[in-house]
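**Q** Protein chains in written order, with the working numbering: chain A, 1 to 316; chain B, 1 to 316; chain C, 1 to 233; chain D, 1 to 233.
All clues given are correct.
Which bits of chain D does chain A cover? Going by a derived footprint, with three or more residues having C-beta under 8 Å, they are:
#1 54 to 65
#2 209 to 220
From the structure, some residues in chain B lie toward chain C, with a derived Cβ separation under 7 Å:
#3 N51
#4 P111
#5 N271
Note that these hints are calculated values from the structure, not bench results.
Don't be surprised by glycine CBs; every beta carbon is placed ideally from N, CA and C.
For reference, the chains in residue letters:
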Amino acid sequence: GELQAAFDDAVAADTRIEPRDWMPDAYRATLVRQMAQHAHSEIIGMQPEANWITRAPSLRRKAILMAKVQDEAGHGLYLYSATETLGVSRDDLLDKLHAGRQRYSSIFNYPTLTWADVGAIGWLVDGAAITNQVPLCRCSYGPYARAMVRICKEESFHQRQGYELLLALSRGTPEQHAMAQDAVNRWWWPSLMMFGPADGESAHSAQSMAWKIKRHSNDELRQRFVDICVPQAEVLGLTLPDPDLRWNESRGSYDHGAIDWSEFQEVLRGNGPCNEQRLDRRRTAHENGTWVREAAAAYAAKHAADQDNAHEEARA
Amino acid sequence: GELQAAFDDAVAADTRIEPRDWMPDAYRATLVRQMAQHAHSEIIGMQPEANWITRAPSLRRKAILMAKVQDEAGHGLYLYSATETLGVSRDDLLDKLHAGRQRYSSIFNYPTLTWADVGAIGWLVDGAAITNQVPLCRCSYGPYARAMVRICKEESFHQRQGYELLLALSRGTPEQHAMAQDAVNRWWWPSLMMFGPADGESAHSAQSMAWKIKRHSNDELRQRFVDICVPQAEVLGLTLPDPDLRWNESRGSYDHGAIDWSEFQEVLRGNGPCNEQRLDRRRTAHENGTWVREAAAAYAAKHAADQDNAHEEARA
Amino acid sequence: MAAARALGDDALVLAQRLGEWAGDAPVLEEDVALTNIALDLLGQARTLLSLTGDEDELAFLREEHEFRNVQLAELPIGDFADTTARQLYFSVYQELLYAALADTGGALAPLAAKAVVEVAYHRDHAEQWTLRLGDGTEESHRRMQRAVDGLWRYTGELFEPLDGLGVDLPGLHPVWRERVADVLGRATLTVPGGPDRTPWAAGAGRQGVHTEAFGRLLAEMQYLHRAHPGASW
Amino acid sequence: MAAARALGDDALVLAQRLGEWAGDAPVLEEDVALTNIALDLLGQARTLLSLTGDEDELAFLREEHEFRNVQLAELPIGDFADTTARQLYFSVYQELLYAALADTGGALAPLAAKAVVEVAYHRDHAEQWTLRLGDGTEESHRRMQRAVDGLWRYTGELFEPLDGLGVDLPGLHPVWRERVADVLGRATLTVPGGPDRTPWAAGAGRQGVHTEAFGRLLAEMQYLHRAHPGASW
Chain A
1 GELQAAFDDA VAADTRIEPR DWMPDAYRAT LVRQMAQHAH SEIIGMQPEA NWITRAPSLR
61 RKAILMAKVQ DEAGHGLYLY SATETLGVSR DDLLDKLHAG RQRYSSIFNY PTLTWADVGA
121 IGWLVDGAAI TNQVPLCRCS YGPYARAMVR ICKEESFHQR QGYELLLALS RGTPEQHAMA
181 QDAVNRWWWP SLMMFGPADG ESAHSAQSMA WKIKRHSNDE LRQRFVDICV PQAEVLGLTL
241 PDPDLRWNES RGSYDHGAID WSEFQEVLRG NGPCNEQRLD RRRTAHENGT WVREAAAAYA
301 AKHAADQDNA HEEARA
Chain B
1 GELQAAFDDA VAADTRIEPR DWMPDAYRAT LVRQMAQHAH SEIIGMQPEA NWITRAPSLR
61 RKAILMAKVQ DEAGHGLYLY SATETLGVSR DDLLDKLHAG RQRYSSIFNY PTLTWADVGA
121 IGWLVDGAAI TNQVPLCRCS YGPYARAMVR ICKEESFHQR QGYELLLALS RGTPEQHAMA
181 QDAVNRWWWP SLMMFGPADG ESAHSAQSMA WKIKRHSNDE LRQRFVDICV PQAEVLGLTL
241 PDPDLRWNES RGSYDHGAID WSEFQEVLRG NGPCNEQRLD RRRTAHENGT WVREAAAAYA
301 AKHAADQDNA HEEARA
Chain C
1 MAAARALGDD ALVLAQRLGE WAGDAPVLEE DVALTNIALD LLGQARTLLS LTGDEDELAF
61 LREEHEFRNV QLAELPIGDF ADTTARQLYF SVYQELLYAA LADTGGALAP LAAKAVVEVA
121 YHRDHAEQWT LRLGDGTEES HRRMQRAVDG LWRYTGELFE PLDGLGVDLP GLHPVWRERV
181 ADVLGRATLT VPGGPDRTPW AAGAGRQGVH TEAFGRLLAE MQYLHRAHPG ASW
Chain D
1 MAAARALGDD ALVLAQRLGE WAGDAPVLEE DVALTNIALD LLGQARTLLS LTGDEDELAF
61 LREEHEFRNV QLAELPIGDF ADTTARQLYF SVYQELLYAA LADTGGALAP LAAKAVVEVA
121 YHRDHAEQWT LRLGDGTEES HRRMQRAVDG LWRYTGELFE PLDGLGVDLP GLHPVWRERV
181 ADVLGRATLT VPGGPDRTPW AAGAGRQGVH TEAFGRLLAE MQYLHRAHPG ASW
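Could you put together the complete structure from these sequences and hints?
**A** Dropping the structure here:
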């Protein structure tokens, strides 16, 4: 109908869709799914890094890591707010997360085993996230695009800090260097998987591209990420754990080895190293906080009543 | 009456009173109070030492400490059993402990702040306990006396291990020596208080002596302990934190400085450094174990029923 | 600069405790707020400790008895009521302390002038939550009362004189009591009646005597640094 | 002696975990029993590690990735059902392993012959508690089923071949499954259906890849030793 035509025109003209605008149900549902997953990833993503706050080996690094985890909580806040513009509440989204009915990024189902993992997450995981997210700053849905602008700025800061952390380790003692190499060995392949299945296998991609939620294919973004990382790894003095990684003169890009998608599928299916642990911890934190949220609500209700009474008295 | 006379004769003749024998209510009550306190002290006493099991600095010391804590649990078992011969159940005694209606030794309301505290507890606290307990091996109540024989043997083993731990620290690095000295500084006075108030102030002593539950006065035992410790401290190369400690030629004993009984009273009153912490932890462990004990009881009941059925069937 | 070190230790140790909340707060806003407070405290700690030596050597290579923080700072985080009660007691204290310190015009005055702004926010945050929990539900009231009672005996130590600080700490105690009592009153909570310090240990952190919990805090905080002697990070 | 070190690490790490129960067991008899099992395991660990180097250097100065224990041994103690489930899985495995090892007549045979007696007691203890919890109350049944399910994916790793051990570990796997299934069946519990190992991490302890919990275990275990380099205790 007319509404659909106006929506299509707006998308075609790269005009932002705003909360008050009509939008197709499927577009809304896709956004809710994607934005909720993104928000959930920020809050679950606090866990693997918060794991090292209390053990950070210098006060400067402790401050940087705390600030980063704080930023992630902040990103979660923006993203839940942005998702709420689509007519779903944060509580509802959290319930779905806790019930396992909405996902978060599988990358957070891998453990942070050493301090170097904090660096590898910054460099590779945040790096991959930025590669994915920069195009989202031009996403057709306004609130999501605007949240992304702010988030990307902070993420690129985190990425540089992670890189610098790894550089210090790589140039440090032999034990520190080995720690950095080991972390890169463990995080490299999961980071490549963050871009999702190969283009032929990706369920939602085509429609998202048409709606300009997505701007590039999974494989395009993955290639971009690989091309950025290879020279950075050289400067770091660390090896990426892929013997098939080599420059392809004709493509002007790096070829990389085959990704083990069976691992990806297993982790998605819930059999990753930390799936249960992450969700259990999230649920526990939420349950432990129930009495606090109830208290805040009760207090707010009393307080609102006080104000009403004050108004009444003023009128009488 | 006749029963009282028989009881008095037995006590006078140093014949053991046994559970089947008649005894005055007050004698029974005194024993229950004292034996329960003793049993509770063993189980609460596990906490300050268990605090260091996971952090013991060598595997040999870890094994020794684990074995010691295990012995304490074992002593708790004997003592609850011995107390049960007086017609009170372990559950009942534990409930009274958890409700704060029965005491445990105040010494366990002090914290174990460093590894050296494990040594100081062995040397001083177990040393004081042995000094108190050796005479209890001749206590008029049979089950208590027999439990004490076994316990004293193990305690003296613990005391030697604690002494040896401190000796290793005292002869170790300057940091280790300082750690040992600091522990002795903190545990010396509380250990002296373990013998209870000065003879003039002790509420229960005279009657207990008459009943031959107790064989020596608080001050006598305290003096005996001081006289043992002073030369041991010299061999250890550690100083006892009492400037007034000196040999008294005429008494053939060491004089010591005045004890700060106000601290003792405060700790008794519940204001020691760890009173709440110890009791909370005990209660929590007990509450966390409720479902386990219920399961064991339910299983035993089913199993008993199975056996009954088997008997019935065999008869039928 | 023993005073700077004592204040720096307070801030460091409390920042370390607050850092344990990251990701586990009752609402996402509190993940942000508690980390923010922790970061402020960590910043204060770094400035203060750097005045007295190398911040990392001081944080990671001292033994337990060399730390001079009050025991209040080192106690386990407990539940959200325990954390709120500690934040109330500590932030009211810090606000008074830094305001007085800023007025001295001494070496620590510039730092104190900056910190007092941060700490006023911490105090406001703690106050708001004290009101919500105290005057919220029956359960939150019960938990909050238990928390303020339980921590009371660690508060006396905050007002022990600190040599060379130039601030009359005992003189701030009555104002602190008044302010805390005011907040507790508005939160329908009872001002604790017990002693505000106890013999031997509670309140001896400034003399290097700590609680059993502190050794475990340090083991976690210092382990990695100590496992790589001499390394740079 | 890589095999001896792997087995020693298993025993050491599980002893460390069991040591956390001391004083907190659901009944006093279990304070005795769990510490006793921990002591047996610690004894095995000391003998095995001493064959491959200095026991304390190995226990206190290796980094996380240098430990070769199975991940099953390092997981947090959880509740009493989690502890019981791990003890069942681990003691049935250890009993089969040591019996086979004793039969090889190799260097480790005398140790294994001694250990198999200890481990038979551990297995009996775990079995009795599995029966009580599985066939006890509704709550204990639910907790025990959740525990055996949750740990299942760490069991596959136990049967990974160990070079130089002289025992066909994969060959013991079917017997293990049978024995465990028998106990679970008698305890009215369901044998878990999921995979007994998972990609990347669960089941890579023998390659030096551990869980997040392991770093914290080591921080606690090694801190004091590392804080005093070169000291004797």
